[in-house]
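Q: Chains as they are written, first to last, in this note's numbering: chain L, 6 to 396; chain D, 6 to 396; chain C, 6 to 396; chain V, 6 to 396.
Hints in this document: simulated from the structure, not taken from any laboratory.
Quick caveat: nothing in here was measured; it's all calculated off a predicted structure.
There's no promise every hint is true.
[What the hints assert, rightly or not] If you want the footprint, here are the derived chain C segments under chain V, 3+ residues with CB under 8 angstroms: (1) 22-32; (2) 302-309; (3) 313-325; (4) 332-346.
Backbone N, C-alpha and C fix where the C-beta goes; we use that ideal spot for every residue, glycine too.
4 protein chains.
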Amino acid sequence: MKLWEKKSKLNRQIEEFTVGNDYLLDQRLVKYDCKASIAHAKMLHKIGILKKEEARKLVSGLEEIIGLDSRGKFRIKKEGEDCHTAIENYLTKKYGDAGKKIHTARSRNDQVLAALRLYYKDELKDCKELVNELNVSIKDKLKEYGAVKLPGYTHTRKAMPSLIKQWLDSFAKSMKDNLKILDVSMKLIDQCPLGTGAGYGLPIKVDREYTAKELGFKKVQKNPIYVQNSRGKFESTILHGLSQIMLDLNKISTDLILFSMPEFGYFELPKEICTGSSIMPHKQNPDVLELVRGSYHEINSYESRVKDIIGNLISGYNRDLQLTKEPVMKGFDKTKQCLSIMNLVIQKIKVNKGKCKDGLTEEVFATEKAYELVKKGMPFREAYKKVSEKY
Amino acid sequence: MKLWEKKSKLNRQIEEFTVGNDYLLDQRLVKYDCKASIAHAKMLHKIGILKKEEARKLVSGLEEIIGLDSRGKFRIKKEGEDCHTAIENYLTKKYGDAGKKIHTARSRNDQVLAALRLYYKDELKDCKELVNELNVSIKDKLKEYGAVKLPGYTHTRKAMPSLIKQWLDSFAKSMKDNLKILDVSMKLIDQCPLGTGAGYGLPIKVDREYTAKELGFKKVQKNPIYVQNSRGKFESTILHGLSQIMLDLNKISTDLILFSMPEFGYFELPKEICTGSSIMPHKQNPDVLELVRGSYHEINSYESRVKDIIGNLISGYNRDLQLTKEPVMKGFDKTKQCLSIMNLVIQKIKVNKGKCKDGLTEEVFATEKAYELVKKGMPFREAYKKVSEKY
Amino acid sequence: MKLWEKKSKLNRQIEEFTVGNDYLLDQRLVKYDCKASIAHAKMLHKIGILKKEEARKLVSGLEEIIGLDSRGKFRIKKEGEDCHTAIENYLTKKYGDAGKKIHTARSRNDQVLAALRLYYKDELKDCKELVNELNVSIKDKLKEYGAVKLPGYTHTRKAMPSLIKQWLDSFAKSMKDNLKILDVSMKLIDQCPLGTGAGYGLPIKVDREYTAKELGFKKVQKNPIYVQNSRGKFESTILHGLSQIMLDLNKISTDLILFSMPEFGYFELPKEICTGSSIMPHKQNPDVLELVRGSYHEINSYESRVKDIIGNLISGYNRDLQLTKEPVMKGFDKTKQCLSIMNLVIQKIKVNKGKCKDGLTEEVFATEKAYELVKKGMPFREAYKKVSEKY
Amino acid sequence: MKLWEKKSKLNRQIEEFTVGNDYLLDQRLVKYDCKASIAHAKMLHKIGILKKEEARKLVSGLEEIIGLDSRGKFRIKKEGEDCHTAIENYLTKKYGDAGKKIHTARSRNDQVLAALRLYYKDELKDCKELVNELNVSIKDKLKEYGAVKLPGYTHTRKAMPSLIKQWLDSFAKSMKDNLKILDVSMKLIDQCPLGTGAGYGLPIKVDREYTAKELGFKKVQKNPIYVQNSRGKFESTILHGLSQIMLDLNKISTDLILFSMPEFGYFELPKEICTGSSIMPHKQNPDVLELVRGSYHEINSYESRVKDIIGNLISGYNRDLQLTKEPVMKGFDKTKQCLSIMNLVIQKIKVNKGKCKDGLTEEVFATEKAYELVKKGMPFREAYKKVSEKY
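Next comes chain L alone, as it looks inside the complex:
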């Protein structure tokens, strides 16, 4: 039974369409929704809505659900609509009136945001850890091969001498800047939405500071309209952060795909990370890198989707916002997978010193030659012209 179910029956086809795959996506929110509900129940007791015993029952019921869920035993069914309905129904069935009181002083609109933000915080922390772990592998590789010289390229043409160290370190630095972008998302979502109801406040006074503190939010997001308007908005900033990580992984992949070609051979991908062809017996393909490369665009499409969904909509909750849930969840999943796999790839790749050296053909040093003339006092532009005559 839906929370909002009335006497008139909803058309079955409409019901299925509006539920969509929410009941599946929400599975990963169960834990967070229970945590938020526990804080909410305690607060309801604090302000006198719930009796001590009722609060105790609800808290224990919610902990029970967390336990069931951790063992895969709390499955939201299609008829259950979403995690909020499933949880309230469970509590009401088991604890009667106490269950019917849990939704006092909240709406699914603020409730889902609380669960989502708790989930996002965990995911962002995971991402940051994975970034740091990747940087450890980069640093290890750097120790091993950092001093190897190889040609640097501009315009996909040999430019000037570079070093493995320079290449690896460029990504380590970029990843550190990505953490700053993730931090701003973290700062934005670290505001507690609970207590704003459907988007226009509640007809009852609640203790918002208490709930926020219980849940570990840095602050209360006071304005109820902003709470709703920030849905999708914050998600797009999260996805922007993820897309920056993916951009760097895209570039590492593009570099490795090219420079591990036998025609260059600067890098070697061991067989255990290469896949073959169904027709060509000789192939060792860098599928893993191609998939990471392509995944950058997947994440970008999630950011765009969210930004487009929330455009041209009036303030306040609109159901379109439900469609912003899936892209963020998928964005986290894919980014985390790619960070992990790239960590493995970085550990596995080898640098072929001989090939790197062979790559340092004479023209790579043309600029150095010009600077030798500069050091002897020739104006740079003249030195440049002099050396360029050769090419």
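Chain L is already provided as a structure; the job is to place chains D, C and V on it using the hints.
A: Chains D, C and V only, in chain L's frame:
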């Protein structure tokens, strides 16, 4: 066992990452892959690669798989990698050497395109049918309410008198134009890729015309590089067609959401297609329309994703292309769902004649007043100015 | 003076903001707007709104403007707002009452669509011609180098032997398919919008068939709401067609950038199409190809922009639609430039036969070896495994 | 003459294509490029490359150019290619050898980044100021009308009572969060790229700390590859910040367009900010708001464009990056315009207290009624059901 598996072992994590959710997505390709394989087997017999008995065995094995699949009994497992591997393994296990011959004169690169295009053709046909069915409902509604006058809006402001007929018919016409866009995708994909191998032809002569005819393709796509380069490209044109359908559904939804507000009341959404709120007891929300509206952006993001994935890649197959499969499949699913649901909505909505009439307030006729002066001989611009003084 | 100017004064800042760069963009519409106005004036005479003499004056005034414009002497000023206002003001100033009548039985909403579609038709024809010219250069190059063998790549790894012919022809074929996509846009826009006014018809009977025929449109677009709703919609389909052309140019560029690296050397870019570096004296950079490659994404962003602007809007004209003009114009400009420049590049590039031959290293023939075993009767999968042992 | 011009002549058509509109876009960089060059010249003197007199000449020449430019007298011509070439040529012409030395120890690759980042810093500061000014207007309006009650909407349906204060304040809060997003871009770009050359360092030792300090950068961006790889990357983060501002402006516009319809009348747009129709004499259209609304999508398309251009590219400078300049410049221009115009709109709009009150129809208080029952001890879900029976 993978088709390309060699002695060296693939790293487990890499394996899982590269398979991704392919084994799930490919489930719906099983049928099409079998059909293409049947045509391929017959052709292999025709050119003397397969003995009669071998071809017979393979055809019957493939029909068996189609049967199993239709009863949900041919499940591709993660270890099975994709439908191609799963099918070849099944055939080899059951029919020995004949199974080991099925992949003669093809690569997964042309094979998957054949299966995908057969699948796309069916999906495009479904979409066209659903568009036509929607147009039937529009026509029915038009018979019922077509003559009702209501204000037309520009800039979200009352402009001039309009008719329900004009409104409904605008979508019927637009949907008909959408069919033309779908037709161009159909024309593009109606080229048989089989016989081009991995993208550079085959070291063996095959009868491409035969296979194409067997599978009902209009023509053979001769150039093997183009076969591979058209992957993603054709998909993006399909998605463009779907996004045009979704644009129209987005607009119907946006119109209905606005003009079924009690503040206008031109349209009425019966309760059976409205959903409620978890906190506000009075709500009748048009969630179904909001979700259709938002889904337009989902489809757009699929088109963009495909276009971005295939950019900046050299000719020939690159594994990135695998990532174009999911957005097209999801694009079809969502578009078909939205077409169905909008068909239902159109059948259910009511026009409130009284409210439409009330909406025709005096300023809606200002232009008519100017034209009365024009008919009496006043230059239009003067008539316009004269009438405008009132406002 | 604006067409719609009333007694109350528009705020100056608002005026500038709303005009935006329309007065600049509209410069290229002057010619088309005049042509549409000539047809409109004739029609107004035919239905008795304009006297013979008035129609004659207007037609000659409009031809005068076309002449002025062709010599760069009809400049729309910021105060002139857009081409429609500038033209009507010119006519009224010069011909008095006749000028004040030209806007009878039309709105800027249908007028601008007429001008735009005439412009689009010319642009689409140009694009088709440029595509055909490119294909001529491709064919010429094919005659010169078609028979040269070189390695084909999958996964950016050598796969099987290919031919310059195969590579060049793949783009010729793809470009021919692109023409089909352009044709569907042409079909869509070849509908005359004139006579639908602001989007809800006119309070006066006009002869729409006549105007359509005069302007060379295939048919009348009857439904006035659809006329307005198709703005942006048709533009997005045009841009989709352009993006397909650009995708192919992106791929040619990507191929050439890679395979003209000295490390491969299959292609040679003569110095006259390469640019240098400000610091490195030896550089010969393929900037032209990199810019074509990047321009694909520019066109994609125009298509997305149009699709996003028109989403979540109610039926009928909304001023947001004005913002769809620039992306299409820029889309045409850039695509035409890139087609021209690629034509030149194709003419200039050389194939290095020696390097191509050197590229055909032994593993490129691994599949052929497997097929030799197949021809001797070994099942393909066994032959594959046997050959693969070597790698 | 190009900086890199050699004996062989560049094809004229290629030249025009590669220059593109750079010579126009770069006009606004002249000032910043001169400032960076002044710091560079001083540093070159410090490390002994330039004699005191040479440095003095260059500094005074560069200040001269800044002066000329501020009076519109330093026009970059198409043949001048870009601002860097134009400036070096000016210096060389006027000061001979000193001019030929200015490009010592730099490449256009690090030079342009320095100019761009100085420009971005100014633009970001402007944006922040405009956001703050908008918030002042919001606060002023809030003082005037904050206490007015009106209905809040969810799902475009009346939900619960809201306040003008709540609505205005939601945007003020959101804008403050936007500043945090802008700050992260500021932090990222506040790294000095000078001294990294073409992307692989310089064959000469320079004093990077000195130049960074002279130019007011917070820190030196040490890794030369990262300097180049961060082009496009940082731009996309800037554009993400701008798109967040635009999202809020899009929402204010969407709200105002709807709720200033006479059918609601909560807000009034005075005539001086409305525009008219060319055919309908009565119209008062909110064009300004529609254009702001649509501009959100323009900014989003710039962000996507940049992200797509930089994907699938190897490390180091690629000319594709040049195409990221225009979207950022246009993004700043449009965002600043929209912030200014919205500031004006907020100042001009009026709240119609009577209409707001009329909007508070009975069902808006349904939730309050349920809470009255809750306060009497009824479990919320029962209270909800009881009240809902009425609807």
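Q: For every hint, state whether the structure bears it out.
A: Status of the hints after comparison with the structure:
With a threshold of 8 angstroms between beta carbons, the proposed coverage of the region 22-32 of chain C by chain V holds, since 3 of its residues qualify and at least three are required. Counting residues of the region 302-309 of chain C whose CB lies closer than 8 angstroms to any CB of chain V gives 6, which reaches the minimum of 3, so the coverage claim holds. With 5 residues carrying a beta carbon less than 8 angstroms from a beta carbon of chain V, the region 313-325 of chain C meets the three-residue requirement, and the given coverage holds. Only residues whose C-beta sits within less than 8 angstroms of a C-beta in chain V count toward coverage, and the region 332-346 of chain C has 4 of them, enough to reach three; the restraint holds.
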